[in-house]
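The residues making up each chain are set out below.
Number of protein chains: 2
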Amino acid sequence: MSGAEVVATYRVDSYLPLEQAAEVIAGEQSTGTFVAVARETPELRDRFAARVVAIEPTTSTADLPDAALAGADLPDAALAGADLPEAALAGADLPEAAVAGADLPGAIRPAGARRRSGLVRIAFGLDNFGPSLPNLLAAVAGNLFELRQLAGIRLLDLSLPDAFAERYPGPQYGITGTRRLLDRPDGVLLGTIVKPSIGLPPEELRILVRELAEAGIDFIKDDELMGNPPHSPLADRVRVVTEELDKVAARTGRRPMYAFNITDDLDRMAANHDLVHAAGGTCVMACINLIGLAGLAWLRERCALPIHAHRAMTGVFTRAPQLGIDFVAWSKLARLAGADHLHTNGLSNKFYETDDEVLRSIAAVREPLLGGYETLPVLSSGQTPGLAPETYRRTATTDLLVLAGGGIHGHPDGPAAGVTAMRAAWQSTTSGRTLTETAQQNPALQQALETFGPPGADGGGGRG
Amino acid sequence: MSGAEVVATYRVDSYLPLEQAAEVIAGEQSTGTFVAVARETPELRDRFAARVVAIEPTTSTADLPDAALAGADLPDAALAGADLPEAALAGADLPEAAVAGADLPGAIRPAGARRRSGLVRIAFGLDNFGPSLPNLLAAVAGNLFELRQLAGIRLLDLSLPDAFAERYPGPQYGITGTRRLLDRPDGVLLGTIVKPSIGLPPEELRILVRELAEAGIDFIKDDELMGNPPHSPLADRVRVVTEELDKVAARTGRRPMYAFNITDDLDRMAANHDLVHAAGGTCVMACINLIGLAGLAWLRERCALPIHAHRAMTGVFTRAPQLGIDFVAWSKLARLAGADHLHTNGLSNKFYETDDEVLRSIAAVREPLLGGYETLPVLSSGQTPGLAPETYRRTATTDLLVLAGGGIHGHPDGPAAGVTAMRAAWQSTTSGRTLTETAQQNPALQQALETFGPPGADGGGGRG
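First to last, the sequence lines map onto chains U and A. For the first sequence, counting from 1, position 329 maps to 329 in UniProt numbering; every step adds exactly one. For the second sequence, counting from 1, position 456 maps to 456 in UniProt numbering; every step adds exactly one.
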């Protein structure tokens with residue numbers, strides 16, 4: 001094999017020697033079939049066969065420090081030999097997810113064989129598929145999940161050659177462009193989700209948006225469940241929302257960004273985008289697993305606005321620890337395909353991920369990809385003002401879009417007070433004051449802390 | 001809630017009472033958030049909240065007879081009360097996959113709580129999202145996989161209202177149209193995959209196709225790993241293949257169908273389709289998980305040929321027994337979106353699925369959907385002549401496309417002999433003769449049975 005390569009990193013469990021399991025993956029995903037066939041010459045195999053470049057055994061899945069993989073591009077040096085750099089396996093906390101990996105069904109288990117686990121890196125010649133996301137997936141994430149030789153198989157990370165950067169323009173706005181549109185050059189960006197998720201009539205949405213915008217929110221989004229249903233057509237939402245935002249902008253000089261959920265069958269989605277754009281909207285949201293990464297790349301080609309990428313359904317391929325595609329690998333593909341904003345969950349979220357896993361996702365999204373692909377991490381689910389100090393301490397950045405749904409709408413004094421409390425919490429945190437101090441002068445924050453929990457109560461490491 | 005509904009059936013594991021777990025799913029996927037919010041009125045909830053319509057506990061995941069779910073539409077009667085019909089839970093074989101379900105990470109486990117497992121059916125008002133596949137997925141397969149209240153969550157089946165039939169035309173050719181294009185009105189359709197999977201130069205492909213076509217094969221397809229790479233551009237493959245098929249058709253009157261893999265970024269995929277169509281090709285193949293179901297529906301809108309739907313990457317959401325989307329549910333969406341042919345695996349395949357699971361998938365594809373959506377099941381992976389009797393006995397149909405890759409290319413006398421052996425095996429089987437009898441007059445079959453195994457050797461129930 002010569003020329004540019006894609007390197008895929010997998011976590012593999014098998015009752016076969018890891019070397020053998022790795023060769024099965026490489027064979028299935030390139031030149032192999034289950035019997036020798038005519039025309040499969042040594043020259044053909046030399047040129048096109050995927051190549052196992054590294055195997056790093058761990059004694060069991062439970063010993064594998066997930067957090068150590070951290071989403072960084074693999075250094076070239078790591079690919080030269082069979083040894084992974086020691087640093088990648090040192091001293092990370094053990095995430096909950098790594099513990100539970102039962103054998104996948106159908107795994108071949110020779111009598112007396114013991115279970116082996118490890119990291120396997122496989123190089124695929126770019127010439128096998130070219131710089132195409134769907135064709136790349138066929139190789140690195142196609143039939144291999146079904147192999148009986150594997151008792152566990154998870155794609156952790158991908159290292160991609162520059163040819164992908166030539167094909168995919170990626171985020172059109174990213175962090176910089178989003179800040180510019182919002183006229184918010186620094187500080188955390190604060191947002192919310194329209195609640196109730198579905199069923200709110202457009203004229204009530206109008207009132208809610210007015211209230212949130214006047215309270216100084218940066219960003220509002222449709223719930224992922226709200227598409228273009230008969231009871232609240234997108235066209236009606238676009239009309240009332242843009243009217244209200246225009247009015248607020250005229251009064252205050254600030255225009256929050258509203259991410260309209262344009263998710264739908266693709267031609268309809270494109271029409272939805274055009275509707276939002278024509279009305280002066282400044283953001284569209286797409287559920288990128290539901291339209292597919294190819295659908296996202298297609299949207300990017302005809303999109304004039306930032307794409308707020310919702311990750312609904314990610315859990316179906318991330319939550320089983322012994323199977324799937326890790327957020328780190330998936331997020332790279334989403335960024336290539338054009339995600340300007342990408343959901344990562346937030347600390348102490350209501351879903352299954354630990355804080356360590358969330359932080360790993362945020363770090364992955366912030367890591368430069370092929371020298372660019374600037375994407376804004378979106379922290380959401382269970383976010384409240386009390387989480388600001390821990391979030392800031394552990395991410396060390398304000399290049400975040402923090403979305404509070406219930407944490408704003410559930411404020412006892414209503415959504416506007418919810419926005420005030422969130423803003424106060426983050427301003428307090430980034431200027432080095434404690435929330436307790438700030439709350440003494442800020443009743444909205446005081447009440448939020450009483451309602452949703454004080455700093456540290458639920459923010460000091462989450463469920464872990 | 002009034003009007004048309006979607007009913008989703010889930011297998012749920014939880015340490016909470018199943019009623020509570022079911023309500024969490026219904027809430028998360030419709031009107032709920034983690035705190036009470038303003039404007040979430042009782043009227044709004046009445047109209048838009050998803051509704052738990054049935055809960056059927058099983059004592060543990062291991063007791064759940066997967067095979068009993070069989071992919072049939074739920075009878076209306078089953079939705080009226082909380083009881084599932086007894087027949088749905090009676091006496092099926094226990095599939096391997098049902099046994100291994102470990103808890104998903106992050107599951108809430110109150111002290112002393114025991115694990116509950118069961119089937120849960122939830123009805124969603126169609127008005128929540130309209131007849132749109134991406135928006136439907138947001139509701140029935142969105143964030144719910146990440147819920148901590150669940151230790152296991154798998155979408156098993158979907159019952160869809162007629163509005164989906166109005167929006168999605170589905171298969172354009174199906175079984176009937178494919179048989180017409182092939183001039184093969186009855187009998188099993190026999191096909192193969194080009195091997196080696198990648199790397200074969202176009203001029204060698206030409207020779208291979210000629211040989212297969214002259215031997216009377218019905219169908220040839222590109223490997224899913226073969227897209228439009230520099231070493232064998234699609235345009236070159238289309239040229240040599242259609243030239244050869246034209247020549248064979250002129251000589252023999254029969255023109256095999258060749259499924260060119262057009263999988264790529266969507267605009268390129270559409271251009272690939274146009275290229276195939278303009279050259280007189282009669283089938284296109286798409287890896288439908290890699291372009292997304294929305295990408296498939298989009299292709300269907302602009303496609304003039306049968307769509308051969310490859311299922312690469314399905315394992316990422318099917319193989320973990322405690323998580324995911326079952327083939328039965330997924331195949332309905334694929335058929336709505338336009339799959340004319342759909343891969344199901346075959347008996348004794350080289351992948352993880354048991355024969356029972358494969359048979360369930362074949363049955364699901366053959367079951368009428370909304371009164372139509374005729375899709376041809378495609379049996380592949382490890383298929384050989386010796387499997388014909390068991391496949392026919394257990395499927396009781398010849399409306400199958402059976403693909404043998406290694407089982408044809410690996411024949412000691414070459415691919416043409418491989419085709420002859422496969423054809424003889426199926427003709428023998430459907431006319432009630434044993435393979436042993438037939439092989440006495442058919443050396444190609446005799447040699448295939450000696451090479452790949454005699455009838456029953458590997459075909460009497462697979463790995464189970």
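Just so you know, these hints were derived from the structure itself, not from any lab. Fair warning: there could be bad hints in the mix.
[To be verified] Derived list of chain A stretches under chain U, where covered just means 3 residues or more per stretch with a C-beta under 8 Å from a C-beta of chain U:
(1) 104-113
(2) 191-197
(3) 309-320
(4) 393-405
[Said to hold, decoys possible] Counterexamples of contact, computed for chain U against chain A with all Cβ distances above 10 Å:
(5) R115
(6) A138
(7) P161
(8) L182
(9) V316
(10) G371
[Claimed, not checked] So, partial list: chain U residues that the calculated Cβ filter (under 7 Å) puts toward chain A:
(11) L18
(12) L104
(13) P105
(14) L137
(15) P201
(16) T263
(17) M313
(18) R319
(19) P321
(20) F351
(21) A396
(22) D413
Heads up, the beta-carbon is just placed ideally off N, CA and C, and yes, glycines get one too.
Broken hints, numbered, in rising order? 4, 6, 9, 11, 15, 21 and 22
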